[in-house]
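First to last, the protein sequences are chains A and B.
With this note's numbering as the guide, the letters of the first sequence map in order to residues 261 to 841.
With this note's numbering as the guide, the letters of the second sequence map in order to residues 114 to 461.
Don't read these hints as lab results, they were simulated from the structure.
Here a beta-carbon is modelled for each residue, glycine too, at the ideal position from N, C-alpha and C.
Wrong hints could be hidden among the right ones.
Listed below are the simulated EDC-like cross-link pairs for lysine to aspartate or glutamate, each with C-alpha atoms no more than 20 Å apart in a straight line [claimed, not checked]:
1. B:Lys-236 x B:Asp-370
2. B:Lys-236 x B:Glu-177
3. B:Lys-293 x B:Glu-279
4. B:Lys-213 x A:Asp-702
5. A:Lys-608 x B:Glu-177
6. B:Lys-236 x A:Glu-520
7. B:Lys-458 x A:Glu-512
8. B:Lys-213 x A:Asp-318
9. A:Lys-628 x B:Asp-370
10. B:Lys-461 x B:Glu-321
11. B:Lys-339 x A:Glu-500
12. B:Lys-458 x A:Glu-520
13. B:Lys-339 x A:Glu-520
14. B:Lys-339 x A:Glu-524
15. B:Lys-458 x A:Glu-524
16. B:Lys-461 x A:Glu-520
17. A:Lys-628 x B:Asp-184
18. B:Lys-458 x A:Asp-334
19. A:Lys-608 x B:Asp-365
20. B:Lys-448 x A:Glu-520
21. B:Lys-458 x B:Glu-279
22. B:Lys-369 x A:Asp-624
23. B:Lys-295 x A:Asp-423
24. B:Lys-236 x A:Glu-524
25. A:Lys-628 x B:Glu-418
26. A:Lys-608 x B:Asp-370
Which stretches of chain A does chain B cover? Using the computed rule of at least three CB atoms under 8 Å from a CB of chain B, they are [stated by the list, open to error]:
27. 400-408
28. 604-610
29. 694-703
30. 803-813
A few chain A positions that, by computed beta-carbon distances, are all more than 12 Å from chain B [unchecked claim]:
31. Ile-337
32. Val-357
33. Met-472
34. Ile-475
35. Ser-527
36. Thr-667
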Amino acid sequence: MSLQESSYAKSVEKPSFFGRIRAEWLIIGAAVLIVGWLALVPLVFLLWQSFMTPAAGDVPAVFTFGNYIHALTDSTILPLFRNSVVFATGTSCLALVIGTLFAWLNERTNTPFKMMFYAASIVPLVIPSILFTVSWIMMASPQIGLFNLILKNAFGLSGPVFDIYSMGGMIWVEGLHYSPIAFLLMSAAFRSMDPSLEESALMSGASIGQIMFRITLKLVWPALIASFFILFIRSIESFEVPALLGMPVGIEVFTSAIYEAIREYPSNVGLASAYAAALLLIASFGIYFQSKLSSQGSKYSTVTGKGFRPRPFDLGPWRIPAAILIVFYMILVIVLPFLVLFWSSLNKYYSVPSWAGLSRLSFDAYAKVINYPMVGQAVWNSALLSLGAATTIMLLTAVICWIVIRTKLPARWLLDNVASLPMVFPGLVLGLSVMICYLYLDIGIYGTTWIIFIAYVTRFMPYGIRYNTTSMLQIHKDLEESAAMSGASWSQSFVRIVLPLLKPGLLAGWIYIVVVSIRELSSSVLLYSPGSEVVSIVIWELWQNGQYVELSAFGVMMIIALFIVVMLAQLVGKRFGVKEA
Amino acid sequence: MRNTLKSLKTFALAGAVGALLAGSAVAQSIDEISKYSGADRLEKLAAAAKTEGGLTLYTATPVEDVTAMTDAFTKKYGIKVTVWRGSSEDVLRRAVTEIKAGRYDADVIETNGPELEALHREKILQPIASPVTPDIFPGAVPEHKEWVGSRLNIITAAYNTNLVAEKDVPKGWNDLLDPKWKGKVGLEAEAYDWLATVNASFPGGEKEGIDFFAKLAKINGISLRKGHTLLTNLTASGEVPLALTTYLYKVDQMNKDGAPIKVLQLGPSVARINGLGVAKTAKHPNAAILFQDFTLTEGQKILVERGFTPTNVKIAPLPKDLNVKVVDGAAMLDKLAQWRETFEKTVK
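Take the sequences, apply the hints, and build the full model.
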């Protein structure tokens, strides 16, 4: 490893004790303050609102316990909550199994085709979830689904084979859509895992299955838990899939209760906040459970001072089935939805792919989207915002994770918890809290792009925390200790040891945040102003006006652009940090 | 925290009042401007608007349509319009939150009837005496004149022409009870106001309407879809052979593009109003009032060109065969919960 060889000869001249402490505490203190402020604004707002009645016209808001009483005693909520839990559990399990399997094949084995797989795997994440769901309606609805039509004709069946309008269908679509979340996190974990334990097991005659379950998965346990947690929370909050696939057959979820409360006039943000407070409790429990893991010290660290060469694992004859599996997954999750999207972008109206449709194709929609009002401005703003937010979040949360994992500060679990909570705030409540905060606290950012930046950093900070935590847990503190022994300052060892070793997690988290912040709508729509439009506003606009064809064209262009960004990020990432053997 | 907020608010308010007082030395107050009805009203407005230089519009109208309108306005008067776009609820939320916090960016607010009525209740809009008002479709101007409807969003049934043969097209509500429609009828999932309005239009009154839809849901099932445009697109693609609630202009437009979708008259055409009002706190009151007038007069022709149904019946008379029932915005605010309950009991 090149890092070990680099000496710290330059820092022989030790800075004074106070100088070192000051620089270190300045950075740590600033990070804690920023994260604390960002996370507490929506939290305080949410808790405050949950005790208030809605205000309208002459009727002011007053203190009440009514929202909680309503939320806890409403008998119609229970079945919704049950549906949500079933849906979220199913989705998380499916996404986790798929994501982990492919991350393992991609990172730890010599399966063919893996190079392009990493970038391709983010495609489902880029497709707006409305379009992803509609494309599955086109493929698997009992009425017009392409799969059903093909199977019906091929085998002369009387009824449809797949029914997308069911709990199973909802889990399938959402699970596939979210599998990149698990894939990115698990890839990072597999990448910074020392393979020597697996190799020893192989030498001792263990089978691939035994190695996978007894060693590999046990070592990445924190990453598995973190993935499950993110997936669970995200699918509890998800709105599109339940609305598009569950609603027609009467399956309703918890989020629709939150949505209904906000939609009323006067908008009952208080009741929505009380519902969200229930989610906060669940999430806090999950975060607490995870911080237990991180307090178990170096149990999961395999990146130590000893030689570390992440090397692929030879699958032998299993290479072929693995390759088939990868190709099958790529067709199902990436190629097919992309083709449906591409097909509809060439049409004049949304329709199922068919021979007859071929004659109608044209590229008109692309020209229309490019000339759409505000599109150029929006792309520029979104690019700046998402790259800026992702970079800021990953660096900021790296410091926070370091505090939580490496120090013995008394309330460090609280820091982890507070920084992770924005994950469960309904986007609209978060947007509203940021809006109101900076309307009254007039420091000149209201109405500028900065307020959206603040909202993005707040909203996606929890993901940075999770991605960084899982990677940080794998790095043994040996390395930093040796650096300190050789006279490196805290900032030196942070920048030259911790960050490079953290790279897999940093990069995966960065990619994830870039993609999801481009799609963020619920707080963007409240916070943007003329001149600070973002891409998600354009998407929403096209969706609302029913311009699905233009929306598909826009989706296709977005996928291509982000695909290139991810490829570039990977290339740049390869040039820094730990060289692979 | 609270005190700081309060003092900040007072501070902002004092600043605003100060600015208003300083301004009134040269310009008229919005009350005076909005009440003036002399023959030279338009000229005076245009001249004063020019010195104001521009205006900000918060709107829920699709961006291409609103751009057509603002471009024509700028071309005529040389006044630049800054547009903020959001859903009808976002427009309401943003305008109320900002104005209560003392930030007076919005001059004109354009959104749906219920949201405009909510703005009226929040005491945000300025009543305006305009000579155009008498020409407007009667259901589109509220008593208080704080906002005026500029177009009707007509909701109609539509069917897929590939899947529904000409002879099978239903002529009236009862035809839908035929078992051949099983699993083929779709409805927007939040069409609470539509159902209430349609129910009331049944000859035997509301009860008959509720009974009919309950029966339909029981015999053939009604598939609920979120969003009118989704439902319209699903009808064109064949997923929903017959939809009860689609936007008339959207169906016409898709039909023109060659999609196999056609409008169907079943019962009354329920119309949601879309209109605009001027904020009391407008920084550009003359330009704002001028823009409202423009939308209700010359702008109406632009709306027709873009497939909308304008409200100025003197300029664009409503089609004769159209039995339009306008949704009452105020009733929508007060009865939403009740309507929703009826909806859920009846069609789910």
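Next item on the list: Decide if the proposed pair is consistent with the structure: Lys-293 of chain B and Glu-279 of chain B, CA atoms, cutoff 20 Å inclusive.
Entry: Holds: Lys-293 of chain B and Glu-279 of chain B sit about 14 Å apart, inside 20 Å.
Item checked: Met-472 of chain A and chain B, when compared Cβ to Cβ, separated by more than 12 Å -> 41 Å, holds
Note to self: Check the hint pairing Lys-458 of chain B with Glu-520 of chain A against an upper bound of 20 Å on the C-alpha distance.
What the structure shows: Holds. Lys-458 of chain B to Glu-520 of chain A sits at ~16 Å (cutoff 20 Å).
Item checked: Check on Ser-527 of chain A being off the interface with chain B, judged by Cβ distance over 12 Å -> 7 Å, violated
Checklist line | Three-residue Cβ test at 8 Å for the coverage of the stretch 803-813 of chain A by chain B | finding: holds (count 5)
Item checked: 20 Å limit on alpha-carbon distance, applied to hinted pair Lys-213 of chain B and Asp-318 of chain A -> OK: Lys-213 of chain B and Asp-318 of chain A at ~12 Å, within 20 Å.
Check: For the pair supplied as a hint, Lys-458 of chain B and Asp-334 of chain A, is the alpha-carbon distance within the 20 Å limit?
Finding: Given pair Lys-458 of chain B, Asp-334 of chain A holds - Cα atoms ~17 Å apart, limit 20 Å.
Item checked: Holds or violated: Lys-369 of chain B to Asp-624 of chain A, with C-alpha atoms at most 20 Å apart -> Since the Cα atoms of Lys-369 of chain B and Asp-624 of chain A sit roughly 16 Å apart, the hinted pair holds (cutoff 20 Å).
Margin query: For a C-alpha distance cap of 20 Å, please report whether Lys-461 of chain B and Glu-520 of chain A respect it.
Written below: 16 Å, holds
Note to self: Check the hint pairing Lys-236 of chain B with Glu-524 of chain A against an upper bound of 20 Å on the C-alpha distance.
What the structure shows: Distance ~18 Å between Lys-236 of chain B and Glu-524 of chain A Cα, so the pair holds.
Next item on the list: With a cut-off of 20 Å on the C-alpha distance, tell me whether Lys-608 of chain A and Asp-365 of chain B pass.
Entry: With a Cα-Cα distance of about 14 Å, the restraint between Lys-608 of chain A and Asp-365 of chain B holds, given a limit of 20 Å.
Next item on the list: Could you grab the alpha-carbon distance between Lys-458 of chain B and Glu-524 of chain A and see if it respects the 20 Å cut-off?
Entry: This hinted pair holds, its Cα atoms lying about 19 Å apart.
Figure legend: structure checked against the earlier numbered hints; hints not met, in rising order: 1, 2, 6, 21, 35.
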